[in-house]
Amino acid sequence: MELTEAVPRIGAGRKNRKVNVGHTERNASLMGGAALAITGIKALAGRRLLPGLAMMVAGGMFLYRGKTGYCGLYEAMGVDTSGPAPGGVLIETFVTINRTPQQVYEFWRNLENLPSFMRHLESVKVTGENTSLWKARGPAGVPVEWDAEMVADYPGQLILWHSIGEAALPNEGTVEFREAPGDRGTEVKVSIRYYPPGGAPGKAAAKLTHAVTGAQIEEDLKRLKQILETGETATAERTNNHERP
Amino acid sequence: MKAVVWHGKHNVQVDRVPDPQILNPRDAIIRVTLSGICGSDLHLYNGIVPTMKEGDILGHEFMGVVVELGSGVTNFSKGDRVVVPFPISCGDCWYCKQGLWSLCDNSNPNSFMLEKLYGDTGAGIFGYSHLYGGYAGGQAEYVRVPYADVGLHKVPEELSDEQVLFLTDIFPTGYQAAENCSIRDGDTVAVWGCGPVGLLAMKSAQHLGATNVIGIDRFPERLEMAKRHCDAEVINYEEQDVAEVLHHMTGGRGPDACIDAVGTEAHGSGMEAAYDMVKQTLRLESDRPIALRQLIRACRKGGTVSIPGVYSGFVDKMPMGAVFAKGLTLRAGQTHVHRYLDPLLKLIAQGAIDTSFIITHRMALEEAPAGYRLFNEKKDGCIKIVLNPRLASGASA
Ligand SMILES: NC(=O)c1ccc[n+]([C@@H]2O[C@H](COP(=O)([O-])OP(=O)(O)OC[C@H]3O[C@@H](n4cnc5c(N)ncnc54)[C@H](O)[C@@H]3O)[C@@H](O)[C@H]2O)c1
Ligand SMILES: [Zn+2]
Ligand SMILES: [Zn+2]
Numbered sequence: 000m001e002l003t004e005a006v007p008r009i010g011a012g013r014k015n016r017k018v019n020v021g022h023t024e025r026n027a028s029l030m031g032g033a034a035l036a037i038t039g040i041k042a043l044a045g046r047r048l049l050p051g052l053a054m055m056v057a058g059g060m061f062l063y064r065g066k067t068g069y070c071g072l073y074e075a076m077g078v079d080t081s082g083p084a085p086g087g088v089l090i091e092t093f094v095t096i097n098r099t100p101q102q103v104y105e106f107w108r109n110l111e112n113l114p115s116f117m118r119h120l121e122s123v124k125v126t127g128e129n130t131s132l133w134k135a136r137g138p139a140g141v142p143v144e145w146d147a148e149m150v151a152d153y154p155g156q157l158i159l160w161h162s163i164g165e166a167a168l169p170n171e172g173t174v175e176f177r178e179a180p181g182d183r184g185t186e187v188k189v190s191i192r193y194y195p196p197g198g199a200p201g202k203a204a205a206k207l208t209h210a211v212t213g214a215q216i217e218e219d220l221k222r223l224k225q226i227l228e229t230g231e232t233a234t235a236e237r238t239n240n241h242e243r244p
Numbered sequence: 000m001k002a003v004v005w006h007g008k009h010n011v012q013v014d015r016v017p018d019p020q021i022l023n024p025r026d027a028i029i030r031v032t033l034s035g036i037c038g039s040d041l042h043l044y045n046g047i048v049p050t051m052k053e054g055d056i057l058g059h060e061f062m063g064v065v066v067e068l069g070s071g072v073t074n075f076s077k078g079d080r081v082v083v084p085f086p087i088s089c090g091d092c093w094y095c096k097q098g099l100w101s102l103c104d105n106s107n108p109n110s111f112m113l114e115k116l117y118g119d120t121g122a123g124i125f126g127y128s129h130l131y132g133g134y135a136g137g138q139a140e141y142v143r144v145p146y147a148d149v150g151l152h153k154v155p156e157e158l159s160d161e162q163v164l165f166l167t168d169i170f171p172t173g174y175q176a177a178e179n180c181s182i183r184d185g186d187t188v189a190v191w192g193c194g195p196v197g198l199l200a201m202k203s204a205q206h207l208g209a210t211n212v213i214g215i216d217r218f219p220e221r222l223e224m225a226k227r228h229c230d231a232e233v234i235n236y237e238e239q240d241v242a243e244v245l246h247h248m249t250g251g252r253g254p255d256a257c258i259d260a261v262g263t264e265a266h267g268s269g270m271e272a273a274y275d276m277v278k279q280t281l282r283l284e285s286d287r288p289i290a291l292r293q294l295i296r297a298c299r300k301g302g303t304v305s306i307p308g309v310y311s312g313f314v315d316k317m318p319m320g321a322v323f324a325k326g327l328t329l330r331a332g333q334t335h336v337h338r339y340l341d342p343l344l345k346l347i348a349q350g351a352i353d354t355s356f357i358i359t360h361r362m363a364l365e366e367a368p369a370g371y372r373l374f375n376e377k378k379d380g381c382i383k384i385v386l387n388p389r390l391a392s393g394a395s396a
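Same order as they appear, the protein sequences are chains A and B.
For what it's worth, numbering that gives the first Met the number 0 labels the leading residue of the first sequence as 0, then goes sequentially.
For what it's worth, numbering that gives the first Met the number 0 labels the leading residue of the second sequence as 0, then goes sequentially.
Any given hint might turn out to be false.
Quick list of in silico lysine-lysine cross-link-like pairs, BS3-like style, CA-CA up to 27 Å [unchecked claim]:
#1 B:K115 - A:K206
#2 A:K188 - B:K278
#3 A:K206 - A:K134
#4 B:K115 - A:K188
I should point out that these hints are in silico values taken from the structure, not numbers from a laboratory.
Just so it is clear, the structure is predicted and the values come from calculations on it, not from any experiment.
Chain B extracted, bound-state conformation (with noise of 0.2 Å):
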């Protein structure tokens, strides 16, 4: 089969290699119908996240049909179109029981790499490193789910693949992110970064009964969308002091809660933005909370400060004094997909939210090279790029 292949810091390539096989009775191979690329992507395209080998297959948000079921699997039949949460879940742990599902003790086989660097271990992921159990991912033609009893979830036939894709990370990333704001009427959410997830997280925070949203970023395309799509007030961090703003915008107060959409790479300029960028560089430091700083300074006394934007390693100059002084609360961690499918999928079924609005770029498989270059560059518009097997290659809209 065709799979997008990992093969170095900016090298990624489309390969023929095996077809997947059904390893273990709760295993299922699905003929992916379509796959997104993830700004979580893009950390392994950058070369962020370590313990990459040449050869891995990418794609964790991805979606198609049941072709083939392991023995142990009953609840579905061939044929079942479905889309798969991107942490890989057991169902039966302590952690899975507890719905959180990203933290599943079980389906990480590299476990120790993770309770080496923090103690303790995550659910496997698939296309993500070996530090989240070396998977094979879902921009391929065909993969392997296991645990797909619990991995796999139905979706209804009047709905499009491109309306139901981003139950599969995004919109319960950003859904996640605003749940965990505990938003109450009256509440500013303050959004750093308008990608995908931001995006979400303010249509999301929006649902969820929030009386102001506002986006930060750089990108005038994205702001757009945020303005346009999330009904978000919007700041452009290059032209506006965004600490200042925020302070106008909230009577002084500061945002009741702040997201973090951003994650460790975070762009920025002047010497601070230098410190990180020469840190990470070095190893010296793995991440550049530039926008957590910015997040935590900002945000009000008492008020939340939530973090889906990825971060792996230690961070310099946290304002821990601030955190502790203001009383703030952080919460953070991979999200656990398979606990927002029902309810999401209804929301959309419903018409109350739509999430397609995001996608600019529809392309082939084989054109996945030139999507990560474009994503990762953030040129020609691009906020979102979903890849089609099926689709011939140059026939992209």
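Just chain A, same shape as in the assembly (with noise of 0.2 Å):
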């Protein structure tokens, strides 16, 4: 499997981006991040695929605390270590899909494939070699829209994009494809994070929010399972004449 890129590129940050790495960490981060990165690239190159991508994920993940002062980790951990409060919610999800893991990636990687399967959004526009327009069905149909950034992409094994300037909605996400054991398939785990604005409950973005929960972005997998498995999404209804739920 051939790497695209030696180490996961990081888009610009959010002005609002919250940080909870302190300074002297950063600089640590930095170091180890590209340490771990370099290290997790030889163990692919020496085809240890899976520990090889375990490491550069967690290598490109102190990369990019250590250039942006936040870690997922860490706030997962509960930790902060630079005072201020975490921001952001973390969602995570797994589903296994009975294809390839090159196949799952191709799939998702067409970005204007995800309203398929992704419930809140309405449409995902490419509008460049790694940016693209995300809209997303709001409350009482008022749209929501971003741009987006593609910050990593390993053909077959991760893509990594977050949101960029100013976001209504601002998020990050990664998505894994590691291959299962014994002709399982691929194992997909979805994260994304999203940090609802603040102090305005009455916004469309802020009541998105509760549109993006853990248990829809299952139900997103399993339509993603289902179309890459099936061709096409199980509905029980009985005639054609229904409002998508």
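Reassemble the complex: the two chains are provided individually, in unrelated frames, and hints are given to aid placement.
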């Protein structure tokens, strides 16, 4: 398998990104991250694919937090070495799909496919080499949109993206594709983190966060699985003159 | 079209409803020619299975003629005469590929419900509550069949509807129940429940080489059928002590395998039955495992307890100590119907096994409400009812 890039490129940070990693530690993270990422690539080259990838992801993560002062791991563990409270809501979901990692990756990598299984999305338009415009179905039909940038792209293994600019609903996400043991297909892990806009409960974006829950994303992944495995999404409707739920 | 519709506990009616439509490329629409009422439908009728909604169309044992096909179905044509397995299975997921069709990952749009209850989902099932997907059933004039490319099976013209109908459910169910017993020469297989499933499990056990088959029930006509058609010895559990008779019949060892073809609504008498009835009514216990407890106690050491009878939740006072101490093997589940269609159709075509003997009542679709009542109360010698949408009401045989 070919790596498209040696190290994940880090996109332009958001203005309001939370900082929960102290300064000295940020420098250490930068160095340690690069080292881990490089070891990860070496391991990959030595065909120890899975541990290699895991190390690379961890390496990329350390690099990321070194540049941005933000660490998802720390937050998940409830650790804040910088002082201010960590923000964001993290959703992690898993599904196993009876297709190869490359097949699942390719479907996902064509970002315009996402609305076919992600119910809260109206459309995704590719706007540049690494950028795209996402439109979500907001409450009462009010659309919520944001630009996103892909910050890492390892074919058949991992895609990492985050929102850029003045996103109404700042968010970032990773999707990992791992070969399941014994011909069981591909284990897909999706991690999405978003930052609900503070103080304005009436805003469409804030309401949208109620549609983006772990349970919803899980249903989205089941639809992805259905599309990839069966070519269609399961329905028990009797006739087709019904509203999309 | 006309369809048998659930309106509540002990309340089914024949209503006019919109015709089904092709919604997905792999769908087909079948004009139903014959449809069975199953013991499983009684669990819906009696309000034991949760998540039924008023307006749900019943029926999961049906066959008919293809009248419409989605763009993705190329291996069937309009006019094909087909039987339809009751589990809705995609044929593409890992479970379907393993032959575990009733455990399909993809066909249940309400999979989150079963996941909450059981930790994972099973396949969708026609007309079998929203837990199993909320699909419309086949006690109707027409029905939509998803994944039709793997969910239909052609049947030869020379076999009648009544000869092949039970391929959709109870024949494979009885067969899988017997197969799960890993029958060896010399084995005695005891079957609790001489309903359609129990009777076909006995037939299958004979076919798979059991030396002795024993049927247990309380209705004389059912015991009679087990004797006459399935070559079984029988025990009337109201007249005899089942454990003791089985003990005597097997030289004190106990049956090598025991099949529970009764399920969650087992009938019983005395303190034990009263206990389960009260708890089930108060919803403190979802199932009444009266037969199952007996099976476990009666089964010989190292034997197999095979459970085609449906359970849906929690049971009390399970003799887990006996399961452990006697080293029993427990096997259960919805039937993987698809994998039995070819081999069992062959058995029928060869005349090796005939399953139509269980039919006692042939009714028009309109007579379904009376049919459900009759079958539930086991009145009028009722063992199996088949509904024919073309039969004029009142013309039933
Ligand atoms: N696993 C599957 O895929 C599958 C498929 C079809 C049916 N089923 C289940 O199989 C079971 C039987 O179905 P059926 O159509 O034969 O139903 P049925 O109601 O006609 O038969 C049940 C029989 O069990 C007898 N019985 C009740 N209590 C008993 C007891 N304590 N001891 C011995 N016998 C007792 C009844 O008298 C009756 O004859 C049901 O639970 C049904 O839901 C399962
Ligand atoms: Zn059934
Ligand atoms: Zn499947």
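Kindly indicate which numbered hints from before are broken by the structure, ordering the numbers from low to high.
-> 2
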